[in-house]
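Colleague: Fit the two chains together into the complex; they arrive one by one in their own frames, and the hints show the way.
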Amino acid sequence: MSSLEAKSLALGYGGSPIFDKLDLRIPEHQITVLIGKNGCGKSTLLRSLARLLKPAGGTVLLDGKDIYTRPTKEIAKHLSILPQGPVAPEGLTVLQLVRQGRYPHQTWLKQWSREDEEAVMRSLAVTGMTELADRPVDALSGGQRQRAWIAMTLAQDTGAILLDEPTTYLDMTHQIEVLELLAELNENERRTIVMVLHDINLACRYAHHIIAVSNGTIYKKGTPSEIMDEQLIRDVFSMECRITMDPVYGSPMCIPIGNRAARTKSETDNPPVPQTLEPAAERKSVYVG
Amino acid sequence: MQNNKLLIRTRFFSFLLERKAVVLTAILLASLFVLTCICAGIGSLWIPPLEVAKTLFGFGDAMSHTILFSYRLPRAAMSIAAGACLAASGALLQSVSRNPLASPDMIGITGGASAAGVAFLVLTGGKFGLVWLSASAIVGAILIAIILFALAYKGGISPLRLVLIGVAIQTAAGSLSSFLIIVSPHYLANQAFNWLTGSVYGSSWNNVIALLPWAGILGFFAWSLARRANVHELGEDVAASLGSRITSERTLLILLSAALAGAAVSQVGPIGFIGLMAPHMARRLVGPSFGALMPVAACLGAMLLLAADTIGRTAFPPNDIPAGVFTAAVGAPFFIYLLLRRRRK
Chain E
0 MSSLEAKSLA LGYGGSPIFD KLDLRIPEHQ ITVLIGKNGC GKSTLLRSLA
50 RLLKPAGGTV LLDGKDIYTR PTKEIAKHLS ILPQGPVAPE GLTVLQLVRQ
100 GRYPHQTWLK QWSREDEEAV MRSLAVTGMT ELADRPVDAL SGGQRQRAWI
150 AMTLAQDTGA ILLDEPTTYL DMTHQIEVLE LLAELNENER RTIVMVLHDI
200 NLACRYAHHI IAVSNGTIYK KGTPSEIMDE QLIRDVFSME CRITMDPVYG
250 SPMCIPIGNR AARTKSETDN PPVPQTLEPA AERKSVYVG
Chain W
0 MQNNKLLIRT RFFSFLLERK AVVLTAILLA SLFVLTCICA GIGSLWIPPL
50 EVAKTLFGFG DAMSHTILFS YRLPRAAMSI AAGACLAASG ALLQSVSRNP
100 LASPDMIGIT GGASAAGVAF LVLTGGKFGL VWLSASAIVG AILIAIILFA
150 LAYKGGISPL RLVLIGVAIQ TAAGSLSSFL IIVSPHYLAN QAFNWLTGSV
200 YGSSWNNVIA LLPWAGILGF FAWSLARRAN VHELGEDVAA SLGSRITSER
250 TLLILLSAAL AGAAVSQVGP IGFIGLMAPH MARRLVGPSF GALMPVAACL
300 GAMLLLAADT IGRTAFPPND IPAGVFTAAV GAPFFIYLLL RRRRK
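From first to last, the protein sequence lines stand for chains E and W.
Heads up: the first sequence at position 150 corresponds to 149 in numbering that gives the first Met the number 0, and the numbers run straight through without jumps.
Heads up: the second sequence at position 17 corresponds to 16 in numbering that gives the first Met the number 0, and the numbers run straight through without jumps.
Please note that the accuracy of each hint is not assured.
What the hints assert, rightly or not - Straight-line alpha carbon distances no greater than 25 Å define the calculated SDA-like cross-link-like pairs of lysine to any residue that follow:
id, chain 1, residue 1, chain 2, residue 2
1, W, K19, E, E116
2, W, K4, E, W107
3, E, K109, W, I216
4, E, K219, E, A55
5, E, K109, W, F11
6, E, K76, W, R8
7, W, K19, W, L31
8, W, K19, E, R113
9, E, K72, W, F14
10, W, K153, W, I216
11, E, K76, W, T250
12, W, K153, E, A55
13, E, K53, W, A149
14, E, K6, W, R244
15, W, K4, E, E116
16, E, K72, E, L23
17, E, K109, W, K153
18, E, K53, E, E73
19, W, K19, E, E73
20, E, K109, W, R18
21, E, K109, W, T24
22, E, K72, W, R10
23, E, K72, W, D236
24, W, K19, E, E130
25, W, K153, E, L51
26, E, K72, W, R244
27, E, K53, W, E248
28, E, K36, E, S237
29, W, K19, E, T106
30, W, K153, E, G11
31, W, K4, E, R113
32, E, K64, W, T246
33, E, K6, E, K36
34, E, K6, E, K53
35, E, K72, W, L15
36, E, K76, W, L15
37, E, K76, E, L51
38, E, K36, E, R259
39, E, K109, W, I146
40, E, K36, E, A182
In short, the hints are calculated from the structure, not lab data.
Pulled out of the complex, with its shape left as it was, chain W reads as follows (with noise of 0.2 Å):
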């Protein structure tokens, strides 16, 4: 029974990982570190991916350095972290919530973000930098989570209150967005209208800096909370006998979950299905387990939201298609069959 584990057991510390969940990570960074390769080649000029990793460790020509470093590279690092917070955002709000179809943004937490991104960009009529817009896109995307989980309470989260209450306020949230565009002056209705597309689009290192940190920071966070997380899909009351402090516990994975999709959007704005679609196939793959789910979903999360933006870049020049409308077009219908799946349990 233990020869597909791994212990790691000493003195001060122990711990049981699943080998698969290893292996299966592993094996996803290296294919996140080629896909890198092969999406930042794509392009006007094409790139080998051979050529891509060269100049990744500094033995490329002056040529594709520049292009792979002033444009491609940081729009493929930024959908990166932006994928890979979707994702985790998405694996830890389903595990709180017991409820396989929540995510960030079909239940309303993207939309809050980028409503708090628009109202700050608009207010303060875009005199501030990055780093506070990210920082309101998080503190909309804690404030709806907060708003969203009092009134989705009554004894517990039911999935379907949840759901219905969420798509109310994602709703709710969008048109409070538009109606901020409308009545702010030009110059930065265009700016916000960019940001709200949902789009990678323009990403600098800057970005990417603003973003690293958050990303960072909050996931580990995440991930060092597994066993809670993992507590809470056992239902309230098994949780209660376990002596998990319910209420705060999933306040903090609730906050948290929010967090990261407020990162994730106050930077490349609401992308959706990500969060759904990325833990769902991190469960197929290594089970419900929080520890090894989370990773492997964050992984997917991250090929996932390249590989989109990668469609998007190159498709159709001249048009630059935003990342968010081929994440919708695969999950959309990915969503449904879910959906459908369930009923027919």
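Looking at chain E on its own, in the form it has when it is part of the complex (with noise of 0.2 Å):
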């Protein structure tokens, strides 16, 4: 049980508020993606859904209970949050890292008890760092770093889940290792997952559930194939597109149009679009155009 949902939330740093009157429901045991420009607020949000920033006013609830006045530390039983680009002390080891994942089950007399074994050892084993456990986390690779903060994560042994841009700085390959490792905890221990993507595509493959943030507001939110076209891409992203159809997965499948390609589009008409592939499982394949 970790149900996540903000009540008539206002959110701002200083003066100008970012969300006003915000309700938002994060459904359980799905991943959830926002998405939005750079700077449209949905760190913010995901922030402020993990207790980290206070909002102006509302309130988020944690199993239908007020987040910001219970303890902290019984929150971080229920709901943890990687944020973006965490550092890790120099010399600090992946195992030293993860057990402190522990931390809000720890007390000051049981500091390494059997369930905080068994959680740090299973942690590591998910994430594939067991036989690096020795090793100091700013020695890792950045994937292997970012799997470190998410064992860490994953040892606190929380229903839910916030993760923001896990995969920034990852290249290609480390990006898509973070992501199925995170859809299958998902899938295998169904850990509500929320996360602020900035790929469009990754974001549509993994995520059963995708909240468009613009301008302080949801632009839209629902299944990557209800919500995602061309208007969501233009009124959220300001930019031209086409969506069309992911050959692999068969989520809808965004293409960027800069501008110059967007200035000679009108004259050539519409430049031919594959449509040849069957769509993948029971996705459906109403976006190609």
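Modeller: Set out below in structure tokens:
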């Protein structure tokens, strides 16, 4: 049980509010991805859902209870957030890092209980970090480092995991590796996952639920195939595009069109779009166009 | 993976210790003992280390007993306690601020403690005893820590802001001390000035007894908060996600650091750079995990100050050079090296 819900939330740094009277329900046991332009407030929203940012008004409910008034350590047993680009102290080993995920479960006298040990070993195994447990985090590759942090977040053993751009600074291989890992966790352990992603196509591929954020409002939300269309990209990202179908996954795929191509597009009319591929699995293919 | 760890687990408590850190702390404690025997032996009358050790355990002759217990050992004990306090203070500060350049003397805390101590001496006319001098220095250190963090806080504490504001505060506190000394009557000025040079000179068992309870209680308290210090080192957001109450815990850790530095300064004056160097060396040896880091840093700090004081006491007879001079001679280049190393990253 980790249902997460925002109730007439007002958010903002300093004077100007970014969000006002926002109501939002994060679907349980699903992968939700927040998309939107830089500076549209999606990270702000994510942070406030995890109590890292105090709202100017309204509140966030975790299992129906206000996260701003409950003891923060209690919340940490149900909800974790991995911020963007975390930095481990020099020389800290992977095991030392992952152990700290147990912080909310530990007491002064019980710093390494059987449950702690099991949770840490499991998250190391799930993330494929067992072999690297004694290595310093700063000596790892970017992808391994991100996996170490995810392992720490997993060791916290929460029903809901929030991640702010977990794939930033990673190359393509490592991006997919991290997202596959999160999808597996969602599938196998039914963890609710909420993350901010910049890559629309990866968002469509891995999300059950997408929330498009624009100018301090939720522009649209729903499954990728429901909401993803050219109008959305135009309104949210101020960009022309063509939506086609991911030939492998069958999810919507966005082909961005730059200014120069957009100018010539009207002259050449509609350039051909491959429509030959069968849609994979149960995805609908209504967005080719 | 677990064979380099020591597991202690019963129904009521459980700990996982790094074997390396435990062994290293034991080795350092043993080395500290050996160093004490050597340092206490050096002086106008050379007493061999073995003889010092014997005397320590009550088997020495009357002559060495008198020399050691009346003059050299209180001074050595004071160096050890003050060095350990300064190192622990620096370790705490570096963890909380996530800034390897933070140390109590670099950011004005020792300066604040000295100014408060001098103010106390001058304003009360020296009527009150050592214990109250300690208390005032500790209060001064804590006050400065609060002012410092209030000024440096801007949605988090940036390393550069902290150091810059700290340097300004250190300077301001220094001028306040000078001012107080100048306007005070002669006999008090002398007393205050002696205290200010940062020297272990003339330490008696009374001084040691005035410092030890502070050192012990504050040190143990700080060490018991190791888990919290560790979480803070992961950064504000991660710490908050893990359920740490950032502001109150950060305040507690900083106040502890200030109190530890203040306690040391109240007895030996503002001795610089121990709080910077010792935690750094410890980090190199056992890594950043605070439970292991703090005891190792404390041992190293004790050894550094003991060595510095012994050199100051014996290298240029008949002058007794304040230990602070030697810690600065080693510490200042070390600080520059750290700055350069950071810039290259």
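Colleague: A separate judgement is required for each hint: does it hold in the structure or not?
Modeller: Structure-based check of all given hints:
The hinted pair formed by K19(W) and E116(E) meets the criterion: a straight-line CA distance of about 20 Å does not exceed 25 Å. Between K4(W) and W107(E), the direct Cα distance comes to roughly 19 Å. Compliance with the 25 Å bound is thereby established for this hinted pair. Among the hinted pairs, K109(E) with I216(W) is consistent with the structure: their alpha-carbon atoms are about 22 Å apart, no more than 25 Å. The suggested pairing of K219(E) with A55(E) holds, with an alpha-carbon distance near 23 Å, which does not exceed 25 Å.
Proposed proximity of K109(E) and F11(W) is supported: the alpha carbons are some 7 Å apart, at most 25 Å. The suggested pairing of K76(E) with R8(W) holds, with an alpha-carbon distance near 23 Å, which does not exceed 25 Å. Between K19(W) and L31(W) the alpha-carbon distance is near 18 Å, which keeps this suggested pair within the 25 Å criterion. Between K19(W) and R113(E) the alpha-carbon distance is near 22 Å, which keeps this suggested pair within the 25 Å criterion.
The hinted pair formed by K72(E) and F14(W) meets the criterion: a straight-line CA distance of about 20 Å does not exceed 25 Å. Taken as a hint, the K153(W) and I216(W) pair is broken in the structure, with Cα atoms around 32 Å apart against an allowance of 25 Å. A C-alpha spacing of about 24 Å is found between K76(E) and T250(W), which places the hinted pair at or below 25 Å, so the restraint holds. Pair hint K153(W) plus A55(E) holds up; C-alpha atoms about 19 Å apart against a cutoff of 25 Å.
Between the alpha carbons of K53(E) and A149(W) the distance comes to roughly 20 Å, so the proposed pair stays at or under 25 Å and holds. Proposed proximity of K6(E) and R244(W) is supported: the alpha carbons are some 24 Å apart, at most 25 Å. The hinted pair formed by K4(W) and E116(E) meets the criterion: a straight-line CA distance of about 13 Å does not exceed 25 Å. For the proposed pair K72(E) and L23(E), the alpha carbon gap of about 24 Å is at most 25 Å, so the pair holds.
A threshold of 25 Å between alpha carbons decides the hint, and for K109(E) with K153(W) the separation of about 35 Å lies outside it, so the pair is violated. At most 25 Å may separate the alpha-carbon atoms for a hinted pair to count; K53(E) and E73(E) meet this at roughly 17 Å. Among the hinted pairs, K19(W) with E73(E) is inconsistent with the structure: their alpha-carbon atoms are about 34 Å apart, more than 25 Å. Distance check on the hinted pair: K109(E) and R18(W) sit about 19 Å apart at the alpha-carbon level, within 25 Å; holds.
As the CA atoms of K109(E) and T24(W) are separated by approximately 23 Å, the hinted pair is consistent with the 25 Å bound. A C-alpha spacing of about 23 Å is found between K72(E) and R10(W), which places the hinted pair at or below 25 Å, so the restraint holds. For the hint linking K72(E) to D236(W), the alpha-carbon distance of about 14 Å falls within 25 Å, and the restraint holds. At roughly 20 Å between alpha-carbon atoms, K19(W) and E130(E) fall within 25 Å of each other, so this suggested pair holds.
Simply put, K153(W) and L51(E) have alpha-carbon atoms about 16 Å apart, close enough for the 25 Å limit, and the pair holds. Only pairs whose Cα atoms come within 25 Å are accepted, and K72(E) paired with R244(W) is accepted, the gap being roughly 8 Å. Straight-line distance between C-alpha atoms of K53(E) and E248(W) comes to about 18 Å, which keeps the hinted pair within the 25 Å bound. For the given pair, K36(E) sits about 9 Å from S237(E) by alpha-carbon distance, which is consistent with the 25 Å threshold.
Taking the CA atoms of K19(W) and T106(E), the gap is near 24 Å; set against the 25 Å cutoff, the hint holds. Simply put, K153(W) and G11(E) have alpha-carbon atoms about 16 Å apart, close enough for the 25 Å limit, and the pair holds. For a cut-off of 25 Å, the pair hint linking K4(W) to R113(E) stands: about 15 Å separates their Cα positions. At roughly 23 Å between alpha-carbon atoms, K64(E) and T246(W) fall within 25 Å of each other, so this suggested pair holds.
Restraint check for K6(E) and K36(E): the C-alpha separation of about 23 Å stays at or below 25 Å, so the hint holds. Between K6(E) and K53(E) the CA atoms are separated by roughly 13 Å; this keeps the pair inside 25 Å, and the hint holds. About 22 Å separates the Cα atoms of K72(E) and L15(W), which keeps this hinted pair within 25 Å; it holds. Annotation: proposed proximity of K76(E) to L15(W) holds, straight-line Cα distance about 21 Å (limit 25 Å).
Between K76(E) and L51(E), the direct Cα distance comes to roughly 15 Å. Compliance with the 25 Å bound is thereby established for this hinted pair. For a cut-off of 25 Å, the pair hint linking K36(E) to R259(E) stands: about 21 Å separates their Cα positions. The straight-line distance between the Cα atoms of K109(E) and I146(W) is roughly 36 Å, outside the 25 Å bound, and the hint therefore fails. Annotation: proposed proximity of K36(E) to A182(E) holds, straight-line Cα distance about 24 Å (limit 25 Å).
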